[in-house]
Amino acid sequence: MLELIIAVILSSIPIMLAATGELVVERSGVLNLGVEGMMLMGAVIASITVITTGSLFLAVIFGALSGLLTSIVFGFFALVLATNQVATGLALTIFGTGLSGLIGAEYVGKAIQRLEAFNIPILSNIPYLGPVLFSHNILVYFSFIIVFIVGWFLLKTKSGLVLRAVGNNHDSAHALGYSVVFIRFCSVMFGGLMAGLGGAFLPLVLTPHWAEGMTAGKGWIALALVVFASWRPLRIPIGALLFSGITVMQLVGQARGWAMPSQFLSMLPYLATIAVLVIISRNKEFSIINAPASLGKLFIAGK
Amino acid sequence: MKKLYTILLISISSLFIAFSSFAAPLKVGFVYLTTPGDHGWTYAHERARVILEEKFGDKIETTYVENVPEGPDATRVIRELANQGNQLIFTTSFGYMDPTIKVAKEFPDKHFVHVTGYKRSDNVATSNIRFHEGRYIQGVAAGLMTKSNKIGYIASFPIPEVIMGINAFTQGLKSVNSDATVSVIWAMTWYDPGKEADAAKVHIAEGADVLAQHTDTPAMLQTAEEKGAYGFGQGSDMESFAPKAQLFASVNHWDISYIEHIEAALDGTWAAKAAGGNWDTWCSMKDNCLSVTELKNMPADATAKVQAVADSISSGSFDVFQGPIITNEGKVVAGGATLNDGDLWGMNYYVQGVIGKIPN
Amino acid sequence: MITLSPRSNISFSLTLLTPIIAIFFTLVMGLIIFSFLGYDPLKSLYYFFIAPVSRPDQVAALAVKACPLILIASGLVFCYRSNIWNIGAEGQLVFGAIFSGWLALNFLESNSFLLLPCMMLVAILGGMFWALIPAILKIRFNTNEILVSLMLTYVASLFIDFLVRGPWRDPMSFGFPLTPTYSDAALIDRVYIPFVGYIGQLHYGVFVALFVSVILWFVLMKMLPGFKIRVTGESSSAAIFAGFNPSHVTIMVMCISGGTAGLAGMIEVSANIGQLQPNISFGYGFTAIIVAFLARLNPLAAIPAGLIVALAELGGDSVQISMGMPKVVTGVFKGLLLLSLLAGETFNRYHIKFDFKKGNK
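Protein chains in written order, with our numbering: chain A, -18 to 284; chain B, -2 to 357; chain C, 32 to 392.
A couple of the hints might just be wrong.
Within a straight-line C-alpha distance of at most 30 Å, the following computed DSSO-like cross-link-like pairs (lysine-lysine) qualify [as the list claims (entries may be wrong)]:
1. C:Lys384 x B:Lys24
2. B:Lys293 x A:Lys91
3. C:Lys384 x A:Lys278
4. B:Lys147 x B:Lys56
5. B:Lys241 x A:Lys91
6. B:Lys224 x B:Lys147
7. B:Lys293 x B:Lys144
8. A:Lys278 x C:Lys74
9. B:Lys52 x A:Lys91
10. B:Lys56 x C:Lys253
11. B:Lys224 x A:Lys91
Worth flagging that the hints you see were computed from the coordinates, not collected in a lab. Quick caveat, the model's predicted, so the values are computed rather than measured.
Hey, can you work out the whole structure from these sequences and the hints?
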């Protein structure tokens, strides 16, 4: 059982990181559907870095930075050139999937050194709780901490307030003298950084080798998580754990020989996401309070 | 006079042979499902292709196309290879069966070899390996190494080849350890490292300490390595991914049957051999189509036992589907006899020792 | 700083020129990427764009590959025009194939000429059914159609997997995941031209695609429902003011795009595969999104746009066969093309001023 909980926590990290980044992006009023592409870029660059330099530290940094670089492409098109955000995000995913495959072609299937778990002294010795909570690699701790930092930043700081204001009504934020494009660009870059980090987690921790398209749709799940969390950062970890919990449960069901076609078990995570979307969205007042009003809308200064 | 005539004939024919060796090389095409970097299935085919190039030198010229999805795209790629003058085309996944048959009809003078299928024609031969022999040996090793008596098996799709593998593995397991059981997770993919790793974690969390797989990536072995469990390489040697966890790997040697096909194509006997859809190769360890790598990470007595089983299979003296074979619902399939090839293809049951039911 | 100001009138020639410039820009970027990766750039371009269409049967293959793209994109245009972001056409395609497959498998002995039209009809219904789920959830519960339609794509492909491995599996297939082969009456024939014969794999489904895209162009540009859709897309408040019910528009556009995707699924199976198998589509539903944008959201323009994108797909195979380049290069091209098109759209609609003076907002 303990092992299962640890497996659930680990597989929730990539989507948690990417979703936390995307949440900030969406709170600033931008919808970036390129999460999958940015994660793949993070994954491939992290793999190449660790294979060529042997440094896990550099791999984490470069993985995150490559996500950020990819997001700059999105920012330039969607914010500076004011292209359609949905289409630009899709283009980014298609582009990132292709480019990551192209530059990673020589590195496919090479074994990678794994990021080791770090036992927090004393705490990790607590029975049950220790191995579940205090015996992970450094990125796991970081993911949970960053969720709280983002929550604090968005709700308690002035910059967070400005960011939300830009997301809620870009015209009045502009009238108040804030640079809408600049603030959104920063958010998009943060989103890219986190998606790259989430992507890097895959080859560095979960399956230590690079494989083409290894995110296998996790970027899209991250997008669903943001809606699931109704744009509240602290709900992201809950959603991420729930989602990977269901994914792992269907495997457990099979291992124990539950009499149900495995395809239906495999559908569960997706059906659950839809069900949650319905529950969250049906209450219009509730979702309007939290949803950034300008989400996905074009902003042209001085229009 | 007669002597002169003979000399003339010999010199003409030798001239002809000399000429033909200067002739354009035989073009050979390969269609791959994933990339050679999968370190499993496609990697094994790619290794065979390299061996062929080394062996035949400039007598052949090979081309491969990777990541070809099973369906209309495969039809188009195979047709394109034929159009580009490839005389012999190897299509290396089960799902290429109908596309291969379809294109072969359009190019009656080209030769096609489909790997793992059952449909043949005048110019389509099939080639396969008795993978289940390697899996029986894996089962024996698993039975000797497990302490929890729980074995985790990660399978891809419920097709006969995979079910044969599970059953052969379990027969091997039961031959040395009657208490052990096998639980199966169907990943429903050949190639998804994330899912394979998750499945491995679940098996280990459920108490399994030896894992086996019928999927293509090293993800399962890497997980076993991390968690201190044991496992087996699939298709190719995966030791570099899991030096402490891999007990051994079953390695596919496609070059054995591919060489036969190329030689036949070079000397012009291919069409006659395949005529009537009669060329089917299902070769075994005895034919060197399958081998196991050096046994590692096992105590000496277990190593000796596993080696003995491997030797008896590769000498041809032992059939892994030797009865009694009883399904996990208690039905006796074979008392003392061995199963024939038809029985194997029709396998739609688990043998005793496997938990659960085959999907659908 | 770069500032944008809307152009007062959008010229027709510029509208036509934008996609051409975008394609040109993509080619230049392609040249740079090819040489960066150490391939001969001109040779790469030749094998990517010219070699795949150098024989009549290859041109036919191009049309066959473009057929589902044209169909799906012609339908998606309606969604995107009205700001409904259906990105689950892939799943709707699968459901079209499932519905029509159900009919074909129930009439394996039939030789009726009615079978094929009936299959087309139920395929359209199947695609509509799958598209209506996100549509109804959107108008009833306000859920996000992007995510729901995408999640349903995964569900659809698992569902066909279940059918093909389970209840619909051919008992004669040795347990392999294939349904029985359709009867001839359920298959779409190749095009036969007197004195010429067959041209490669060109089949009648291609003409269905062309026909549908012309009809949809007429509906969008010349008929009232099309007008409603265009107004809703331009300004939802104007649409409400004019008395158009946005929910009705949502239902309508999702039905159209789901229907075309379903039809594409049926044609793909009946013309190219002949039976159901676990995988019947390889990203047509996603690739069609690029086609819709390349066509500048015009169903008629989806025809050339579909051919161009199909060429990029075939080019990926060709550079791999001839030069050993990884096939994923196609994805890079598709992504670049879409980005250049979107940028082109901006240049088309706005004056762009480059202003580097400080303090200028």
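Now the hints, each set against the structure:
no. : hint                : result
1   : C:Lys384 x B:Lys24  : violated, 57 Å
2   : B:Lys293 x A:Lys91  : holds, 21 Å
3   : C:Lys384 x A:Lys278 : holds, 22 Å
4   : B:Lys147 x B:Lys56  : violated, 51 Å
5   : B:Lys241 x A:Lys91  : holds, 17 Å
6   : B:Lys224 x B:Lys147 : holds, 15 Å
7   : B:Lys293 x B:Lys144 : holds, 17 Å
8   : A:Lys278 x C:Lys74  : violated, 43 Å
9   : B:Lys52 x A:Lys91   : holds, 27 Å
10  : B:Lys56 x C:Lys253  : violated, 64 Å
11  : B:Lys224 x A:Lys91  : holds, 20 Å
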